[in-house]
Amino acid sequence: MMERRKFLGLGAALFVAVPASLSALDFRKEKPATWTAKKVDESIKALYGDIKTVDGDIKVKAPKIASNGGAVPVTVTSGLELKSLAVFQDANPEAAIAAFTIPEGAIVNYTFKIKMKGSGEITVIGEGKDGKFYKASQKLDVALGGCEG
Amino acid sequence: MGKMKIKAKVKGDVLKAKIQIKHDMLTYDQAKKKGKQANFITHITGKVGEKVVLDMSTSQFLSKNPILKFQAKADGMKKGDKLEITYTEVFFNADKTGEGKYEDVTEAKKIKGLK
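Sequences listed follow chains A and B, in order. Sequential numbering from 61 applies to the first sequence in my numbering. Sequential numbering from 2 applies to the second sequence in my numbering.
Hint data in this document are derived by calculation from the structure and do not stem from the laboratory. It cannot be assumed that every hint is accurate.
[As the list claims (entries may be wrong)] Here chain B is said to cover these stretches of chain A; the calculated rule only asks that three of the stretch's residues, wherever they fall, bring their Cβ under 8 angstroms from a Cβ of chain B: (1) 87–100; (2) 151–160; (3) 171–182.
Cβ atoms here follow ideal geometry from the backbone N, Cα and C, with glycine treated the same way.
Chain B on its own, in the form it takes in the complex:
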């Protein structure tokens, strides 16, 4: 059922992460053509415990099923720690009328390579 594939590994003192989110990322143009609401991810955060390792605002222009790779220093991370990814998506009328509806989805995965 997972909407995300999260891979997180520490090599030396660097956390390397790769996430893939299953999402149509419908732009306003695409939504208009399909007669649906525009629906795309507007924000993605990544956390390990209390530490924020990714904080990004996004537009309708990320690819469908977006893949994202990022890195962070692994100081303070220990075995058993999980990388938690939350994305916020918006549902918006294709003609941009009305208010957007925002929803969050969160998934976490244990980080490999930690001692």
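This is chain A alone, in the form it adopts within the complex:
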């Protein structure tokens, strides 16, 4: 807990309504296996445990053919009330790309660029405030692999 307060820095009276669940910073410290897992299933399990996923209002979008594997734009959107969200893919040496804690008042609409070593599938799992886990995925082809530098 102290780590987190120190990290968030300024503001002595930090009464920020920190969600009871883990923050994205804690994900790296408390779920290290997520980040070293090579397969998507292992990584999801390390992060969220043995979960069942359902379909829902969560989307992941990436170009079906990415010309440059070094910078593949990925957009994740959702209208659901989510606590956290994690993005995985199966083309790189390790499966986890990013994990977000969704703060109060956040809108789930993130775009970022990732490296993909080759063609594969991007999977996103949203942890709902309702306790359910929502899944979306998209396959894509990569013309030029992205981990070569």
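Please arrange chain B on chain A, whose structure you already have, making use of the hints.
Showing chain B alone in chain A's frame:
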């Protein structure tokens, strides 16, 4: 000298932000080839005052000079408020031996479009 380009604008009641961080994002594989330490961003947070608007853990697989766009509700934000972005980066031996060294970098930018 800025390591980040931060653009933040409020339209209606939505804060739209786009950040670009100047960073090589060297993966372990790339570092091994170059004979350097792996060095990539592991965490990015965004705050407006006390309010956290972005909280993300990342891996070595974000692109070089990563661009990130995100949105948040603009309730409670007022003219003069700044979006403060902090990223944490790790320096790690390419062969994964030893301990990682973590450093934080923070920059802030005034949000446009607030009344």
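For this session: Could you work out which earlier hints the structure fails to respect and list their numbers in ascending sequence?
Result: none
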